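Asks: So the chains spell out like this:
There are 2 protein chains.
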Amino acid sequence: MIKVVAKNKIKEDKLETVLGLYQELVQETRKEEGCILYELFQDIDDSTVLTMIEEWEDKASLDRHMKTEHFMRIVPMVGEHVTKRALNIYHKVY
Amino acid sequence: MIKVVAKNKIKEDKLETVLGLYQELVQETRKEEGCILYELFQDIDDSTVLTMIEEWEDKASLDRHMKTEHFMRIVPMVGEHVTKRALNIYHKVY
Numbered sequence: 001m002i003k004v005v006a007k008n009k010i011k012e013d014k015l016e017t018v019l020g021l022y023q024e025l026v027q028e029t030r031k032e033e034g035c036i037l038y039e040l041f042q043d044i045d046d047s048t049v050l051t052m053i054e055e056w057e058d059k060a061s062l063d064r065h066m067k068t069e070h071f072m073r074i075v076p077m078v079g080e081h082v083t084k085r086a087l088n089i090y091h092k093v094y
Numbered sequence: 001m002i003k004v005v006a007k008n009k010i011k012e013d014k015l016e017t018v019l020g021l022y023q024e025l026v027q028e029t030r031k032e033e034g035c036i037l038y039e040l041f042q043d044i045d046d047s048t049v050l051t052m053i054e055e056w057e058d059k060a061s062l063d064r065h066m067k068t069e070h071f072m073r074i075v076p077m078v079g080e081h082v083t084k085r086a087l088n089i090y091h092k093v094y
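Protein chains in written order, with this note's numbering: chain P, 1 to 94; chain B, 1 to 94.
Don't take each hint at face value.
Stated by the list, open to error - As a list, the in silico DSS-like pairs of lysine-lysine whose alpha-carbon atoms are at most 27 Å apart:
no.: 1; chain 1: B; residue 1: Lys11; chain 2: P; residue 2: Lys84
no.: 2; chain 1: B; residue 1: Lys9; chain 2: P; residue 2: Lys92
no.: 3; chain 1: P; residue 1: Lys92; chain 2: B; residue 2: Lys31
no.: 4; chain 1: B; residue 1: Lys92; chain 2: P; residue 2: Lys31
no.: 5; chain 1: P; residue 1: Lys31; chain 2: P; residue 2: Lys92
no.: 6; chain 1: P; residue 1: Lys84; chain 2: P; residue 2: Lys9
no.: 7; chain 1: P; residue 1: Lys67; chain 2: P; residue 2: Lys9
no.: 8; chain 1: B; residue 1: Lys92; chain 2: P; residue 2: Lys9
no.: 9; chain 1: B; residue 1: Lys92; chain 2: P; residue 2: Lys92
no.: 10; chain 1: B; residue 1: Lys59; chain 2: P; residue 2: Lys9
no.: 11; chain 1: P; residue 1: Lys92; chain 2: B; residue 2: Lys14
no.: 12; chain 1: B; residue 1: Lys9; chain 2: P; residue 2: Lys59
no.: 13; chain 1: P; residue 1: Lys59; chain 2: B; residue 2: Lys92
no.: 14; chain 1: B; residue 1: Lys92; chain 2: P; residue 2: Lys84
no.: 15; chain 1: P; residue 1: Lys84; chain 2: B; residue 2: Lys9
no.: 16; chain 1: B; residue 1: Lys92; chain 2: B; residue 2: Lys67
no.: 17; chain 1: B; residue 1: Lys67; chain 2: B; residue 2: Lys14
no.: 18; chain 1: B; residue 1: Lys92; chain 2: P; residue 2: Lys67
no.: 19; chain 1: P; residue 1: Lys84; chain 2: P; residue 2: Lys11
no.: 20; chain 1: B; residue 1: Lys92; chain 2: P; residue 2: Lys14
no.: 21; chain 1: B; residue 1: Lys84; chain 2: P; residue 2: Lys84
no.: 22; chain 1: B; residue 1: Lys9; chain 2: P; residue 2: Lys9
no.: 23; chain 1: B; residue 1: Lys84; chain 2: P; residue 2: Lys9
no.: 24; chain 1: P; residue 1: Lys92; chain 2: B; residue 2: Lys11
no.: 25; chain 1: P; residue 1: Lys9; chain 2: P; residue 2: Lys59
no.: 26; chain 1: P; residue 1: Lys31; chain 2: P; residue 2: Lys59
no.: 27; chain 1: P; residue 1: Lys11; chain 2: B; residue 2: Lys92
no.: 28; chain 1: P; residue 1: Lys92; chain 2: B; residue 2: Lys59
no.: 29; chain 1: P; residue 1: Lys67; chain 2: P; residue 2: Lys31
no.: 30; chain 1: P; residue 1: Lys11; chain 2: B; residue 2: Lys84
no.: 31; chain 1: B; residue 1: Lys84; chain 2: P; residue 2: Lys92
no.: 32; chain 1: B; residue 1: Lys67; chain 2: P; residue 2: Lys92
no.: 33; chain 1: B; residue 1: Lys31; chain 2: B; residue 2: Lys67
Honestly, the hints are just simulated from the structure, not real lab data.
Only a predicted model underlies this, so the values are computations on that prediction, with no experimental measurement involved.
Only chain P is shown next, with the shape it has when bound in the complex (with noise of 0.2 Å):
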């Protein structure tokens, strides 16, 4: 199993234009095989503070993921209104 946490601020102005393009981003990607999880989640401090948390079978499955038409599309779209951005992939110790 993998895990990723990919951490976004956006600016201000755009978030309900964000929230809009994750929208279909989350619809399309539970479709995929492999896809265990694929959650949005909003800092409770900085509403700016976007983050996708993702499970996925193996590596393999993440990187189909990231070859599909709807991420392709839609994550650069996003990556206009990002002003900060962090993405870690990890595995399970505990």
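Keeping the supplied structure of chain P fixed, place chain B upon it in accordance with the hints.
Replies: Here is chain B on its own, set in the frame of chain P:
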């Protein structure tokens, strides 16, 4: 539901020590009321990045957690070996 992502960069020579401390913290915390998930992850590209991903029933459960004996004892011990940290508390959007 409240999601917590606590990312810490650990001094390389203290990694085994910290993994031992986190093992006890995970074991004790999972017994707490209101704890849905409490899992430790390690970055696949940088083994010194350890991230706890947590799920709590509500903010009150998280607040109680931070007052437990095991939290107040173990977290400062881990903190001595941390060089960089990021803590975010989230609510779920999608």
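Asks: Run every hint past the structure and note whether it holds.
Replies: Tested hints:
1. B/Lys11 / P/Lys84: 25 Å, holds
2. B/Lys9 / P/Lys92: It holds: about 16 Å lies between the C-alpha atoms, which stays within 27 Å.
3. P/Lys92 / B/Lys31: 19 Å, holds
4. B/Lys92 / P/Lys31: 19 Å, holds
5. P/Lys31 / P/Lys92: 23 Å, holds
6. P/Lys84 / P/Lys9: Status holds; Cα separation ~5 Å.
7. P/Lys67 / P/Lys9: 24 Å, holds
8. B/Lys92 / P/Lys9: 16 Å, holds
9. B/Lys92 / P/Lys92: OK: B/Lys92 and P/Lys92 at ~22 Å, within 27 Å.
10. B/Lys59 / P/Lys9: 23 Å, holds
11. P/Lys92 / B/Lys14: Measuring from Cα to Cα gives roughly 19 Å; hence the hint holds.
12. B/Lys9 / P/Lys59: Judged against 27 Å, a Cα distance of about 23 Å means the pair holds.
13. P/Lys59 / B/Lys92: Holds, because 25 Å separates the two Cα atoms, which is no more than 27 Å.
14. B/Lys92 / P/Lys84: The hint holds at about 20 Å.
15. P/Lys84 / B/Lys9: Status holds; Cα separation ~19 Å.
16. B/Lys92 / B/Lys67: The given pair, whose Cα atoms are some 24 Å apart, holds under the 27 Å limit.
17. B/Lys67 / B/Lys14: Roughly 25 Å between the alpha carbons, so the hint for B/Lys67 and B/Lys14 holds.
18. B/Lys92 / P/Lys67: 26 Å, holds
19. P/Lys84 / P/Lys11: Holds, at about 9 Å.
20. B/Lys92 / P/Lys14: 19 Å, holds
21. B/Lys84 / P/Lys84: Between B/Lys84 and P/Lys84 the Cα gap is close to 17 Å, so the pair holds against 27 Å.
22. B/Lys9 / P/Lys9: Roughly 21 Å separates the two Cα atoms, so the pair holds.
23. B/Lys84 / P/Lys9: 19 Å, holds
24. P/Lys92 / B/Lys11: 19 Å, holds
25. P/Lys9 / P/Lys59: 25 Å, holds
26. P/Lys31 / P/Lys59: Distance ~17 Å between P/Lys31 and P/Lys59 Cα, so the pair holds.
27. P/Lys11 / B/Lys92: 19 Å, holds
28. P/Lys92 / B/Lys59: 25 Å, holds
29. P/Lys67 / P/Lys31: The given pair, whose Cα atoms are some 14 Å apart, holds under the 27 Å limit.
30. P/Lys11 / B/Lys84: 25 Å, holds
31. B/Lys84 / P/Lys92: Given pair B/Lys84, P/Lys92 holds - Cα atoms ~20 Å apart, limit 27 Å.
32. B/Lys67 / P/Lys92: OK: B/Lys67 and P/Lys92 at ~26 Å, within 27 Å.
33. B/Lys31 / B/Lys67: 14 Å, holds
Every hint from the earlier list agrees with this structure, and none is contradicted.
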